[in-house]
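**Student:** Sequence:
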Amino acid sequence: MIKLAGVHHIAIICSDYQRSKAFYTETLGFAVRSEVYRRERDSYKLDLALGDKYVIELFSFPNPPKRPSQPEACGLRHLAFLVEDIEGASKELLEKGISVEAIRVDQFTGKRYTFFADPDGLPIELYEK
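Residue 77 in my numbering sits at position 77 of the sequence shown, and the numbers go up by one each step.
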């Protein structure tokens, strides 16, 4: 059996690089670790971190296919991030014009959570510590 040491990163392909870069850095607060334009692929690669932890590789490619998600398709379902204050985080997203679902309670853990989407409709969950 392979002994995994942890998650290294999550790769996301976006349709509008500048819009997604602003969303992940300005709205969600990720820090840019590096940004590279790959001319041969007409593609950007943006490495993003939360604090000192490398988390997301954001890619742009010309004309990527849309994400099949409604109804849910096989594959990645959503990203989930921990927050200290679910109500405060939801309010801040709403103030920035981002639609947020009603806060719900996980029936198994009793913890509160909610969902919203990135600019390409990728579901993102906020889960209260």
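Mixed in with the good hints, there may be bad ones.
[To be verified] Derived DSS-like pairs (lysine-lysine); straight-line CA-CA distance at most 30 Å: (1) K96 <-> K129; (2) K66 <-> K21; (3) K45 <-> K66; (4) K45 <-> K21; (5) K96 <-> K21; (6) K96 <-> K3; (7) K96 <-> K66; (8) K45 <-> K96; (9) K53 <-> K21; (10) K3 <-> K129; (11) K3 <-> K53; (12) K66 <-> K3; (13) K53 <-> K129; (14) K129 <-> K111; (15) K91 <-> K66; (16) K53 <-> K66; (17) K45 <-> K111; (18) K96 <-> K53; (19) K53 <-> K91; (20) K21 <-> K3; (21) K3 <-> K91; (22) K91 <-> K111; (23) K129 <-> K91.
Bear in mind the hints are in silico, worked out from the structure with no lab data behind them.
Nothing here was measured: the structure is a model prediction, and the numbers come from that model.
**Student:** Against the earlier hints, flag every one the structure doesn't satisfy and list their numbers going up.
**Tutor:** Numbers 6, 12, 17, 20, 21, in rising order.
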